[in-house]
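*Asks:* Sequence:
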Amino acid sequence: SFHFAESILPSLLDPMLHRELVEKWHPLSFTIEDSQRVIQGAIDAILPALSMESLQEQFKAIQSIWAKYILPRVQKSFEDSDWSQDDGSVDQCVSLYELLRNLAIQMTQPLSVSKIKLEDSQHVLPANEVDEESQATSILKSMVHKSLILNTVHPKLLGLMSGWKPKFENSSVMNPLHAMVLPWIPHLDHQGILQPLLQDCRTKLRGCLSSLQKKMPEDRVFLHQAIRVIRPWRGVLKARYMEEMVSSYIMPKLARAISKKRLGLSDTREDWTLVDILLELYEDRLLSDSDFLSVVEGEVLSQWCNAFYDWTQDHTKDPLSFQKLLANKYSTWRNYLME
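Under the working numbering, think of the first position of the sequence shown as 13, with each following residue one higher.
One or more hints might be untrue.
Straight-line C-alpha distance at most 27 Å; calculated DSSO-like pairs for lysine-lysine [claimed, not checked]:
1) Lys272 to Lys226
2) Lys36 to Lys177
3) Lys158 to Lys36
4) Lys227 to Lys179
5) Lys36 to Lys153
6) Lys216 to Lys226
7) Lys250 to Lys177
8) Lys273 to Lys226
9) Lys250 to Lys216
10) Lys168 to Lys153
11) Lys265 to Lys179
12) Lys36 to Lys80
13) Lys158 to Lys168
14) Lys153 to Lys80
15) Lys273 to Lys216
16) Lys265 to Lys216
17) Lys88 to Lys36
18) Lys158 to Lys227
19) Lys153 to Lys227
20) Lys273 to Lys179
21) Lys80 to Lys168
Honestly, the hints are just simulated from the structure, not real lab data.
Turn these sequences into a full structure, and let the hints steer you where they fit.
*Replies:* See below:
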């Protein structure tokens, strides 16, 4: 009745908890292992005082510390973190979030197996949550998800997306969209927020590819950067969206580059660089069958025929040697295309 575990104990220990979880702990400056030790150490410090309390009261104390100290501290770190550069900051935040989810499971497992009946005071559980054995774990995990994903990460991503534009330096995109968004995709597991976010991503990717066309007129430079921008989204965006973007922005440049390049029959593979790009796009399912066949029939095979014709004009003095060489060259090129 005195709410000892939920209110009185955390208040008595507030100086220690504030010092350890607010003043000393800087989540994104600490390693994941050090952050785990800090959080676990704070919880372990209060457990002796809870030894005479019921399991329900023990859970209330743990829940109170998470709500008052741990989650607000991590929220502030996420809000202050700069996700605009591809420097690993987002991955660091994702790792910290995953640590908290794992700790929420570990800390509540001894309570969950007791089949205790808990009150969802934070209103974070779905309405159909009825599994009493996992209720403590579900409540704490849902607190972590609601506080960090729904209330912090998702709004931050929306804000960054609204103003995102590609930054170019040395013919490279320095702030690729995938570095900011994709690490969070497994945790944005709610259709109400995930699908609108992915729709915004498609729009931004199209804008990025359009900017690349203007900034990088040299075909090979553009192709390298455009593929670097779009390939990470394979398997995230629907195949038809990926094929549409490749068809609209990449294929015209690639087809033109192949048509301008004179293929040869030398031993070097340098002439095949652009064809390699075509084959890789198709193997990665970023290119539709119709676009692939169109370029193979229109640009690749026409260049191949021209190269063979020129080669035969220079190797007609010895018919027997010529036939053997021609057969070997044809076999080599055919096998390469069929790999």
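*Asks:* Hint by hint, note whether the structure agrees.
*Replies:* Checked hints:
1. Lys272 to Lys226: The given pair, whose Cα atoms are some 20 Å apart, holds under the 27 Å limit.
2. Lys36 to Lys177: Given that 27 Å is the threshold and the Cα spacing comes to 36 Å, the pair is violated.
3. Lys158 to Lys36: The hint holds at about 25 Å.
4. Lys227 to Lys179: Cα-Cα ~11 Å, so holds.
5. Lys36 to Lys153: Roughly 25 Å separates the two Cα atoms, so the pair holds.
6. Lys216 to Lys226: holds (16 Å)
7. Lys250 to Lys177: Holds: Lys250 and Lys177 sit about 23 Å apart, inside 27 Å.
8. Lys273 to Lys226: Within the cut-off at roughly 22 Å; holds.
9. Lys250 to Lys216: Roughly 15 Å between the alpha carbons, so the hint for Lys250 and Lys216 holds.
10. Lys168 to Lys153: holds (21 Å)
11. Lys265 to Lys179: Holds: Lys265 and Lys179 sit about 21 Å apart, inside 27 Å.
12. Lys36 to Lys80: Answer holds: Lys36 to Lys80 is near 16 Å, not above 27 Å.
13. Lys158 to Lys168: Answer holds: Lys158 to Lys168 is near 14 Å, not above 27 Å.
14. Lys153 to Lys80: holds (15 Å)
15. Lys273 to Lys216: violated (32 Å)
16. Lys265 to Lys216: holds (20 Å)
17. Lys88 to Lys36: holds (14 Å)
18. Lys158 to Lys227: Violated, because 41 Å separates the two Cα atoms, which is more than 27 Å.
19. Lys153 to Lys227: Roughly 46 Å between the alpha carbons, so the hint for Lys153 and Lys227 is violated.
20. Lys273 to Lys179: violated (30 Å)
21. Lys80 to Lys168: holds (21 Å)
The structure fails hints 2, 15, 18, 19 and 20 (numbered hints given earlier, in ascending order).
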